[in-house]
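Asker: Here's the letter readout for the chains.
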Amino acid sequence: DTEVTQTPKHLVMGMTNKKSLKCEQHMGHRAMYWYKQKAKKPPELMFVYSYEKLSINESVPSRFSPECPNSSLLNLHLHALQPEDSALYLCASSQVVPGGGYTFGSGTRLTVV
Amino acid sequence: GQQLNQSPQSMFIQEGEDVSMNCTSSSIFNTWLWYKQEPGEGPVLLIALYKAGELTSNGRLTAQFGITRKDSFLNISASIPSDVGIYFCAGPRDNYGQNFVFGPGTRLSVLP
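Read top to bottom, the protein sequences are chains A and B.
Residue numbering for the first sequence follows my numbering, starting at 1 and increasing by one per position.
Residue numbering for the second sequence follows my numbering, starting at 1 and increasing by one per position.
Accuracy of the hints is not assured; some may be wrong.
[Claimed, not checked] Under 8 Å between C-beta atoms, here's a sample of chain B residues computed to sit facing chain A:
no.: 1; residue: A48
no.: 2; residue: G85
no.: 3; residue: F88
no.: 4; residue: G105
[To be verified] What follows is a set of in silico ranges between Cβ atoms, one per label pair, in the way DEER data are often shown:
no.: 5; chain 1: A; residue 1: A39; chain 2: B; residue 2: G16; range: 26 to 36 Å
no.: 6; chain 1: A; residue 1: T7; chain 2: B; residue 2: A78; range: 30 to 40 Å
no.: 7; chain 1: A; residue 1: Q82; chain 2: B; residue 2: I13; range: 23 to 33 Å
Please keep in mind that the hints were generated in silico from the structure rather than gathered at the bench.
Note that the structure is predicted; figures quoted are calculated from it, not measured.
A virtual CB, placed ideally from N, CA and C, is assigned to each residue, including glycine.
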């Protein structure tokens with residue numbers, strides 16, 4: 001299995017809703033990532049988990065809350081989002097070695113109304 | 001912070017033509033990654049480069065790690081319609097290789 005699977009593919013949520021994005025990989029990768037990508041822009045790093053521990057938080061607002069329940073799963077809990085948070089949210093995984101390229105999922109297209 | 005620039009921003013080429021694009025950095029990198037992203041999909045890793053001067057191929061794609069370690073180049077030979085997409089370069093922000101910065105991308109369109 002060489003894939004990163006993200007669910008759901010699309011999500012529309014109101015500003016008072018609570019929702020979660022899910023990501024799963026079975027490649028034995030011990031580093032997992034959340035990226036945010038706005039239209040016509042490159043991906044921007046949000047969070048990095050290394051051996052199931054949060055190692056990087058790129059000053060992301062607390063309305064985004066990551067969770068790594070085990071080495072195969074990564075969640076992103078969303079609460080009280082703003083319309084400007086609408087974007088493609090990409091999950092990725094990699095070996096925990098310097099310079100290793102990521103394997104990305106197809107993303108969740110999030111729209112906040 | 002580290003910034004990457006890619007040129008050209010976009011290009012329209014005829015099927016069968018060769019393509020060249022580049023990526024420059026404001027600081028020295030020890031790794032360069034090249035990704036391709038198609039509409040509705042996540043980026044896919046094309047080529048990874050780890051040494052200055054390194055030249056690596058992946059089918060019709062060839063990438064080079066610049067000697068100055070501040071640039072990298074991607075060439076596509078004999079383009080085909082499925083080469084359409086956005087090509088991103090990426091380099092590490094730190095020595096641990098987990099925090100990568102992406103360039104703004106080169107958008108490639110291939111005309112039949």
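Asker: Now look at each hint and say whether the structure bears it out.
Answerer: So, going through the hints one by one against the coordinates:
1. Because the closest C-beta pair between B/A48 and chain A is about 5 Å apart, less than 8 Å, the hint holds.
2. The restraint placing B/G85 at the interface with chain A is violated, with a minimum CB-CB distance near 13 Å, outside the 8 Å limit.
3. Annotation: B/F88 was flagged as interfacial toward chain A, and the flag holds, the nearest CB pair being 6 Å apart, inside 8 Å.
4. At about 6 Å, the closest approach between the beta carbon of B/G105 and any beta carbon in chain A falls short of 8 Å, and the interface hint on this residue holds.
5. Distance hint check for A/A39 and B/G16: the Cβ-Cβ separation is about 31 Å, which falls inside the suggested range of 26 to 36 Å.
6. Restraint check, A/T7 to B/A78: a C-beta distance of roughly 38 Å satisfies the suggested window 30 to 40 Å.
7. Here the CB-CB span from A/Q82 to B/I13 is close to 40 Å, at odds with the stated 23 to 33 Å.
Checked against the numbered hints given earlier, the structure breaks hints 2 and 7 and satisfies all the rest.
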